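**Student:** Sequence:
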Amino acid sequence: MARIGTKKHPAVVRVATEERARQILDLCNQHGIQVIVGIESDQPEDISEVERILRRPEPLKVVAKAPRRVTGNDYCPCGSGQKYKKGCAARVPATSWNLGLPGLGARLAHHAAKWPISRAPL
Numbered sequence: 001m002a003r004i005g006t007k008k009h010p011a012v013v014r015v016a017t018e019e020r021a022r023q024i025l026d027l028c029n030q031h032g033i034q035v036i037v038g039i040e041s042d043q044p045e046d047i048s049e050v051e052r053i054l055r056r057p058e059p060l061k062v063v064a065k066a067p068r069r070v071t072g073n074d075y076c077p078c079g080s081g082q083k084y085k086k087g088c089a090a091r092v093p094a095t096s097w098n099l100g101l102p103g104l105g106a107r108l109a110h111h112a113a114k115w116p117i118s119r120a121p122l
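Be aware that the sequence shown starts at 1, since it is given in our numbering, and climbs by one per residue.
Among the clues, some could well be false.
As the list claims (entries may be wrong) - Okay, the calculated beta carbon distance ranges per label pair: (1) 68 <-> 45: 51 to 57 Å; (2) 36 <-> 56: 17 to 23 Å; (3) 26 <-> 67: 44 to 50 Å; (4) 91 <-> 56: 50 to 56 Å.
Unchecked claim - Subject to a maximum C-alpha distance of 25 Å in a straight line, what follows is the list of computed DMTMM-like cross-link-like pairs (lysine to aspartate or glutamate): (5) 7 <-> 46; (6) 8 <-> 45; (7) 7 <-> 19; (8) 8 <-> 42; (9) 7 <-> 51; (10) 8 <-> 74; (11) 85 <-> 74; (12) 7 <-> 18; (13) 8 <-> 26; (14) 7 <-> 40.
Please keep in mind that the hints were generated in silico from the structure rather than gathered at the bench. Here the structure is a predicted model, which means the values were calculated and not measured. Glycine included, each C-beta is placed from N, C-alpha and C at the ideal position.
All chains, please: the whole structure from these sequences, using the hints.
**Tutor:** So this is what it looks like as structure tokens:
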């Protein structure tokens with residue numbers, strides 16, 4: 001079912017005066033709410049649907065996640081069909097593959113003889 005305040009299911013409002021109807025229409029236009037306004041001076045004002053729409057929380061924004069890190073036993077992301085450790089990882093220096101940081105191998109090559117990979121400074 002469509003949400004209240006959309007084109008398929010507009011909010012229905014009852015007001016007593018034309019001036020109040022204009023106020024409600026302006027408010028709904030500012031917030032992008034579709035509304036049907038009825039002017040009935042002998043009935044009590046009913047703007048509960050618009051109030052409910054304005055109170056509802058904003059939809060959560062989707063946050064893009066970082067791509068999953070490729071490990072040695074995953075298939076290679078290049079599409080070769082080989083395992084990563086047999087494909088592209090074999091072509092990348094061991095230091096950058098072990099640390100998961102592309103291009104780091106060249107920058108830390110001078111440390112390779114001094115420290116094991118697990119102790120290499122970043």
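**Student:** Now tell me if each hint is right for this structure.
**Tutor:** Now the hints, each set against the structure:
Taken as a hint, the range 51 to 57 Å holds for the pair residue 68 and residue 45, whose Cβ atoms sit roughly 55 Å apart. For the pair residue 36 and residue 56, the beta carbons lie near 19 Å from each other, so the given range of 17 to 23 Å is met. Against the hinted window of 44 to 50 Å, the Cβ-Cβ separation of residue 26 and residue 67 comes to about 46 Å, which satisfies the hint. Separation of residue 91 from residue 56 is about 53 Å and conforms to the stated range, judged on CB atoms against 50 to 56 Å.
About 20 Å separates the Cα atoms of residue 7 and residue 46, which keeps this hinted pair within 25 Å; it holds. In summary, the hint linking residue 8 to residue 45 is supported, as the alpha carbons are separated by about 24 Å, within the 25 Å threshold. The suggested pairing of residue 7 with residue 19 holds, with an alpha-carbon distance near 24 Å, which does not exceed 25 Å. Restraint check: the Cα-Cα separation between residue 8 and residue 42 comes to about 29 Å, which exceeds 25 Å; the hinted pair is violated.
Our distance criterion of 25 Å between C-alpha atoms is met by residue 7 and residue 51, whose separation comes to about 18 Å. The suggested pairing of residue 8 with residue 74 is violated, with an alpha-carbon distance near 47 Å, which exceeds 25 Å. Between residue 85 and residue 74, the direct Cα distance comes to roughly 8 Å. Compliance with the 25 Å bound is thereby established for this hinted pair. Straight-line distance between C-alpha atoms of residue 7 and residue 18 comes to about 23 Å, which keeps the hinted pair within the 25 Å bound.
A hinted pair counts as satisfied when its Cα atoms are at most 25 Å apart, and residue 8 with residue 26 qualifies at roughly 20 Å. Restraint check: the Cα-Cα separation between residue 7 and residue 40 comes to about 23 Å, which is no more than 25 Å; the hinted pair holds.
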